[in-house]
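Q: The residues making up each chain are set out below.
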Amino acid sequence: MSLLELAGVSKRFGALTAVSNVTLDVEEGAIFGIIGPNGAGKSTLFNLLTAIYRFDEGSISIGGTSIAGLTTQRIARLGVARTFQNLRLFGNASALANVMVGEHLLLHANIIDSLLDTARERRERAEAERRARELLRFVGIAGVDEHFARNLSYGTQRRLEIARALAARPRLLLLDEPAAGLNPSEKQDLLALIRAIRDTGATVLLIEHDMGLVMNLCERIAVLDYGEKIAEGTPSEIREHPRVIEAYLGAPT
Amino acid sequence: MHEFLAQLANGVELGAIYALIALGYTLVYGILELINFAHGDVYTFGSFTALVVLVALRAANLLHGAGLILGIVAALVVAILACALLNAGIERLAYRRLRKAPRLAPLITAIGVSFMLENLIELWQGAAPVPFPNVIPNPELEIGALQVGVQQIVVVALAIATMIALHFFVKRSRLGKAMRAVAQDRDASSLVGIDVDRTIAITFLIAGALAGVAGFVGGVSFGSAWFLNGFGAGLRAFTAAVLGGIGNIAGAMLGGFLIGLLESFSTWFIGGQWSNVAVFSVLILVLVFRPSGLLGESLPEKV
Amino acid sequence: MIYAYAFVAIAACVAIERFHNRKAKIAIALALAAFLAVGPRFYGNEAVFSILADAAVYVMLALGLNIVVGFAGLLDLGYAAFFAIGAYTYGMLASPQFGLHLPFWALLFLAAALAALFGALLGAPTLRLHGDYLAIVTLGFGEIVPQIFQNLTKYTGGPNGIAALDVPTFFGHSFGASVMPYYYIALVGIALALWISRNLRESRLGRSWMAIREDELAAKHAGIDVLRAKLAAFAIGASFSGIGGVLFAAKLALVSPDLFGFQVSVLIVSMLVLGGMGNIVGVVVGSLLLTIVNSALLPQINSLVDASFHTTLDLSNIHFLIYGAILVGIMLFRPEGLLPNRERRAELHHAGEAEAEA
Chain A
1 MSLLELAGVS KRFGALTAVS NVTLDVEEGA IFGIIGPNGA GKSTLFNLLT AIYRFDEGSI
61 SIGGTSIAGL TTQRIARLGV ARTFQNLRLF GNASALANVM VGEHLLLHAN IIDSLLDTAR
121 ERRERAEAER RARELLRFVG IAGVDEHFAR NLSYGTQRRL EIARALAARP RLLLLDEPAA
181 GLNPSEKQDL LALIRAIRDT GATVLLIEHD MGLVMNLCER IAVLDYGEKI AEGTPSEIRE
241 HPRVIEAYLG APT
Chain B
1001 MHEFLAQLAN GVELGAIYAL IALGYTLVYG ILELINFAHG DVYTFGSFTA LVVLVALRAA
1061 NLLHGAGLIL GIVAALVVAI LACALLNAGI ERLAYRRLRK APRLAPLITA IGVSFMLENL
1121 IELWQGAAPV PFPNVIPNPE LEIGALQVGV QQIVVVALAI ATMIALHFFV KRSRLGKAMR
1181 AVAQDRDASS LVGIDVDRTI AITFLIAGAL AGVAGFVGGV SFGSAWFLNG FGAGLRAFTA
1241 AVLGGIGNIA GAMLGGFLIG LLESFSTWFI GGQWSNVAVF SVLILVLVFR PSGLLGESLP
1301 EKV
Chain C
2001 MIYAYAFVAI AACVAIERFH NRKAKIAIAL ALAAFLAVGP RFYGNEAVFS ILADAAVYVM
2061 LALGLNIVVG FAGLLDLGYA AFFAIGAYTY GMLASPQFGL HLPFWALLFL AAALAALFGA
2121 LLGAPTLRLH GDYLAIVTLG FGEIVPQIFQ NLTKYTGGPN GIAALDVPTF FGHSFGASVM
2181 PYYYIALVGI ALALWISRNL RESRLGRSWM AIREDELAAK HAGIDVLRAK LAAFAIGASF
2241 SGIGGVLFAA KLALVSPDLF GFQVSVLIVS MLVLGGMGNI VGVVVGSLLL TIVNSALLPQ
2301 INSLVDASFH TTLDLSNIHF LIYGAILVGI MLFRPEGLLP NRERRAELHH AGEAEAEA
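Those sequence lines, one after another, are chains A, B and C.
For the first sequence, our numbering gives the first residue as 1, with consecutive numbering after it.
For the second sequence, our numbering gives the first residue as 1001, with consecutive numbering after it.
For the third sequence, our numbering gives the first residue as 2001, with consecutive numbering after it.
Calculated directly from the structure, the hints in this document are not laboratory data.
Warning: the hint list may mix true and false statements.
One-sided excerpt, in silico: chain B residues whose CB lies under 10 Å from chain C [what the hints assert, rightly or not]: (1) L1057; (2) R1058; (3) A1060; (4) L1104; (5) V1113; (6) V1130; (7) P1131; (8) F1169; (9) G1232; (10) L1235; (11) S1281; (12) L1283.
Once the Cα atoms are required to be at most 20 Å apart in a straight line, the calculated EDC-like pairs of lysine to aspartate or glutamate come out as [said to hold, decoys possible]: (13) B/K1100 with B/E1003; (14) B/K1100 with C/D2215; (15) B/K1100 with C/D2132; (16) C/K2025 with A/D199; (17) C/K2023 with A/D199; (18) B/K1177 with B/D1195; (19) A/K187 with A/D199.
These numbers come from a predicted model, not from an experiment.
For every residue, glycine included, the Cβ atom is placed at its ideal position computed from N, Cα and C.
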């Protein structure tokens, strides 16, 4: 069954068509990659999925629910979490607090609980904190809990952002260039981490430039070029696809 | 009808002053995204420097005949220079270090500078309004049903001449082009060899000079100067800049005249004690419903 | 004499901020509370406690504004408007103005609720605005509210305000002319405000505010209802100010529109900036310091200089200069305030110092 369905989705900025008539199905439980040259519309596509931008045409549904007109926070409630190409951590808060914000939707304390520090508030806080520490360990950065996010190394920040996204227990996890700026050994760890995330039951949709990583990791790949989907298939199909080779002519694969 | 035209003339006169001040907000905001909260007080400073020069010249008995014209020019020039230097000095001492600081820091600093200026002007010239020398003779002219004072004409003409000069400066001169480039993209400008610090300093100089002109014509127009004048006038002018579309020079002029007319007609219809409420309601409504202003463009948020 | 109290209070606050041991912090806080509660039996006079009561009201206001500015990162330059709403609630409903003489204690709650309501009403349309624009809109609101009170002469007494407000009673005992009841009520108010501030900071809502302050877009992606969280900050912050307004009006037995201008809003922002935005204890220290300087130190220096040099200075003239210098000086040289909390220190300094600290 498809978790994410795009049908004929377009987005224009003035005269520029950033995403053009894209149709895409992402199966539940998949690791799905989107690749394409710079400016191909990959990030714009992500931004349509979380309602940073509104799409002009077509339809997008997540778990059978259309997201047309939904706000970012409503879409989060559908079980979508994401990371950003240029990290957007809460820099001046501890790593732990970052992840605990990610758990926002799992908690139920209301404003009265928060004002009066009720038993529910305290119980939830203790649980949230325990889960957050667990997640930091899961993504491989145990021990940085009390550090400020802004002071962590780049690779650690990338993982922290993934931990924050996972904290919401998403059905659909969007990773925007998770390997950008990582060294080869960090990339290997990332590969294992993304597989482990999938094994917990989440569906992973990722944008990536590193072809080696994508080919290794993804079961299916879609290729965007000038906003259009020019190919989709398994890694080996994509490797052989004439239009992909054309689009990437000269680019490292 | 008669009253209507009189209020119209009043509004245009007020608007000319607000427009001049609004230009200072808009130039600085365009280039630094900073609400230079102290700008209104630079305007006050301009009124007082012009006032001091005129009072000194009058005391020396120089303000008659050709001396009167020269005296007026001298007061105007001193006010322009003093305000330009003050504004650039504020930028150098208070704002420059904070260019990369979190966004609220420069605004809070600007409020601090505003309070200090107000207090220093109060210590210098006292807490009560000081009468502004009545140097421009003010016979009323009748143009059809419209009755305007010569003063009003001088004030509006001076303001409009200044705005036209500014327009050509920004559009045509090298410095003006550099200003627009830095406003667009500071990093790229410095890559193509524009001295960003210098350009910003010059922007503050020009904004200050405009406040100097405004200070002079404001003094002439209101007939007095007061240490707190700049607070109210500054907020109105800022509202004008926002109404026109902040960062947009033509917008600031348009906004200035609109706010001037709003103030004069709201005073006529519902009383002066409500004009603050009217002006700030406009500010809030514009910011809420059309934050890009009448002539501004809205830009999508960068992600 | 007043300095003794202020010094002890500030020293205790600094100690609380510096100690890491939770029990030690609680012990110091309790000792301070006991000292402030019992102290008046032995030491001090009405004039001293009048100033301290005022200081305590300002501490409450600053703690309320801290929720809006420090926690949620929304610069509110019209906070005095809510102070005015609180004060006028008491002024109009407990005075000969309408012949209504509602009880002080009920009005404390009513004022808190009304201020919160107006906080939410102002917030609803404006909270979509970012940064500077929000600051200016709140400033506009802060200018409008006292103006409205001034113009609606029929209801509010106009520019003269309302005088001869009721003297509150406590189980039938009138407060009389003494300032002590206000002092004690304000102390209890501070204790409550501190407790609520701490609760909020550690809570789910507090984390939402942190997220919004740090990165609003990322906060939305975590599913946080940003508008609602901001409204909550505005409403809660305003309610502190409403209560402060009732205390202020009752103690002064007077309200008038000129008591709630922009300079009051800036004064409270200065207290926050001085102590360190976002830091609960720092805010207390900042507001105590500024009130003491304003109401005790300046007048004393004034009379001292006048007596020694036979001058007639008026140092009340330099309040603006002091607030202004604090805002500029702190922002330029110590943006984290005198007593920063760790988060703000890291944010406002560019170098990563917290690494070593953590």
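Q: Could you run down the list of hints and mark each one as holding or not?
A: Hints and how they fare:
no.: 1; hint: L1057; verdict: violated (29 Å)
no.: 2; hint: R1058; verdict: violated (28 Å)
no.: 3; hint: A1060; verdict: violated (31 Å)
no.: 4; hint: L1104; verdict: holds (5 Å)
no.: 5; hint: V1113; verdict: holds (6 Å)
no.: 6; hint: V1130; verdict: violated (16 Å)
no.: 7; hint: P1131; verdict: violated (21 Å)
no.: 8; hint: F1169; verdict: violated (26 Å)
no.: 9; hint: G1232; verdict: holds (9 Å)
no.: 10; hint: L1235; verdict: holds (7 Å)
no.: 11; hint: S1281; verdict: holds (7 Å)
no.: 12; hint: L1283; verdict: holds (5 Å)
no.: 13; hint: B/K1100 with B/E1003; verdict: violated (52 Å)
no.: 14; hint: B/K1100 with C/D2215; verdict: holds (17 Å)
no.: 15; hint: B/K1100 with C/D2132; verdict: holds (15 Å)
no.: 16; hint: C/K2025 with A/D199; verdict: violated (46 Å)
no.: 17; hint: C/K2023 with A/D199; verdict: violated (44 Å)
no.: 18; hint: B/K1177 with B/D1195; verdict: holds (12 Å)
no.: 19; hint: A/K187 with A/D199; verdict: holds (18 Å)
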